[in-house]
Amino acid sequence: MGLEFLTRVRRSTILAGAAAALVFTTYAGLRPGLAWGLGIAWSLVNLSLLQALVVALTGRERGSRPAVKRAVTAAVAMLALFGAGGMLLVTLPPLWTLAGFLVPLLVLVLKAASMLLLRSRVWRWLVASPWRASVALLAVVVAAWWAVPALFGRPASASAPRAAAGARALDHALAAGSNPAQTSGSANSGGNPAPSSGPANAGANPAQTAGSARASEPSAPAASKVPETETSQGPEKFPNAITVVSRANPHAEWAHVLHQYEAVIFAWFVGLLLSVFAFLATRKPQMIPGPLQNLVEGLVEYLHGFIAGIIGKRHANRFVPFLGTLGIYIWAMNLIGLIPFMDSPTSSLNITFALAIVVFLYAQYVGIRSLGPVGYIDHFMGQPRTLIGWGLVPLMLPIHVMGELAKPISLSCRLFGNIFGEDMLLVAFATLGISVLAWSHLPFGLPLQVPFLLLALLTSTLQALVFMVLSTIYILLMLPHDEHEHEGEAQHAH
Amino acid sequence: MPEPREPKDRYSALRAGGLLLAIPTLLIVAPLVGFFLGSQLDRWLKTSPWFGILGLGLGFAAAGRETYLIYRRYQHDAAEERSRRR
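Chains F and V, in that order, are what the protein sequence lines are.
The number in my numbering is simply the position in the first sequence, starting from 1, with 7 added.
The number in my numbering is simply the position in the second sequence, starting from 1, with 39 added.
Next up, chain F with everything else stripped away, as it sits in the complex:
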């Protein structure tokens, strides 16, 4: 463990601490978040000064005049730092500040423990087989699933009202037929002879018949008691597996949680599917590939050529893993919504925004790596070189920051709008199909949405490509390049 280890500790602390500070600022308030962040910053500076002191006292140059000077400077700075630490504890919430102080130490301990673990025989035995590793990972996830709520979960009394509210909402949704599928079901049982708002095609998606059966039988009398304001929630998407499960268990809190996080669950599910697919395809690579290996190799080759065509061959190998994964993941998430009982996670703004934030952070990271921290700030200030340039910095800086912030928002809104719109289009035409056959009281409608399913196949692919192309271009705009018309000038980014 050398100085490089400490550098890694610092880097990990900064990343984890910044992420946690954002979370604490959002959920606990500005002062706790600030105390946490400043506590970490204090501890990191302290660690650096300590490192400088130890190196000066024990390094090769120990005893020499510059080394003594460095040691004295570090000691004096540490004294000043302790004074600043005291001020922080007095002015900011002390518990949050202390917690921030401890973060680098915690990271240090965890990193040292992980180094020991990685070299151990048990670890090597565990990772030698992917199956053993998967089982171990599953065990850790299950343990975390149980341990985290037990340690940090809400007390039962606090969660009860929320659970009851969730259950009530589900009850109302079930009883009132706010879901289009349920209205069509009511029509079938004679409760509502003219289903004007039921868009779901019962024949196309069995989930809807299941939901409608539940809706029409036991809770039909309750429908009249539900206030109109609570039932008019606008058009809904086709029910998916999670919706069906949560409606089957309207009083269970876990069903409410599942329903609330269904976009995230489907996103994880798609990630898991892709991981298994990639694992199976690359498990035993052959010189003469089988169908699965052939498919994956073809896809990777196509993506490599595609991205290299945009970003240039020189940068392709560096960015294809990230951008290609992003493209395939979004494509799979778009397409999975076309399967009955499934839902497109990309029809939720939370998911698309999260994806766009990942692209945004990665683009900034690329910018810092390729331009250097000073070059990056210089780039944001509009590269001022003259007095007028420096005078324009207060104007250029916010303009540039807004331009950068607009990129992830435009990316996420475009993908969300297109996929959500596509889902709504399918629902609308399924509704029309049911309305056309409403007079016959048949438990299904005309499958008018089928042509639009084919269209959705195309738009899902196109939207995944557009997201990938624009992400590539945002990263490209961050890279320094030599323009033909500026051959004599230094490299710069846009």
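Just so you know, not all the hints are guaranteed correct.
Pairwise CB distance ranges (calculated) [as the list claims (entries may be wrong)]:
#1 F:29 / V:123: 39 to 49 Å
#2 F:278 / V:122: 42 to 52 Å
#3 F:375 / V:118: 23 to 33 Å
#4 V:122 / F:139: 30 to 40 Å
#5 F:284 / V:118: 36 to 46 Å
#6 V:82 / F:25: 52 to 62 Å
Everything labelled a hint here was simulated from the structure, so no lab data went into it.
We put the CB at the ideal spot given by N, CA and C, even for glycine.
Model the placement of chain V on the given structure of chain F, informed by the hints.
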């Protein structure tokens, strides 16, 4: 010795399309971002509506700047493509 040709030929149209596709949403979103940030500042500093208006103006400027940069890159790529074809 000339550098090996990059595989740009097959995807140049897509690249141009992608570049130009970024413009419309940026033109809409950047002023909205500016207005939102300005309004938040107004709320904190109780200076409504001045920072909102300023943010909106800066947002429009940011949108114009991003559009200009994207268009410049598009022109650069188009010129490169033309010279390659010759």
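Outcome of the hint check:
no.: 1; hint: F:29 / V:123: 39 to 49 Å; in the structure: 46 Å, holds
no.: 2; hint: F:278 / V:122: 42 to 52 Å; in the structure: 43 Å, holds
no.: 3; hint: F:375 / V:118: 23 to 33 Å; in the structure: 30 Å, holds
no.: 4; hint: V:122 / F:139: 30 to 40 Å; in the structure: 57 Å, violated
no.: 5; hint: F:284 / V:118: 36 to 46 Å; in the structure: 42 Å, holds
no.: 6; hint: V:82 / F:25: 52 to 62 Å; in the structure: 25 Å, violated
Going through the hint list in order, the structure does not satisfy hints 4, 6.
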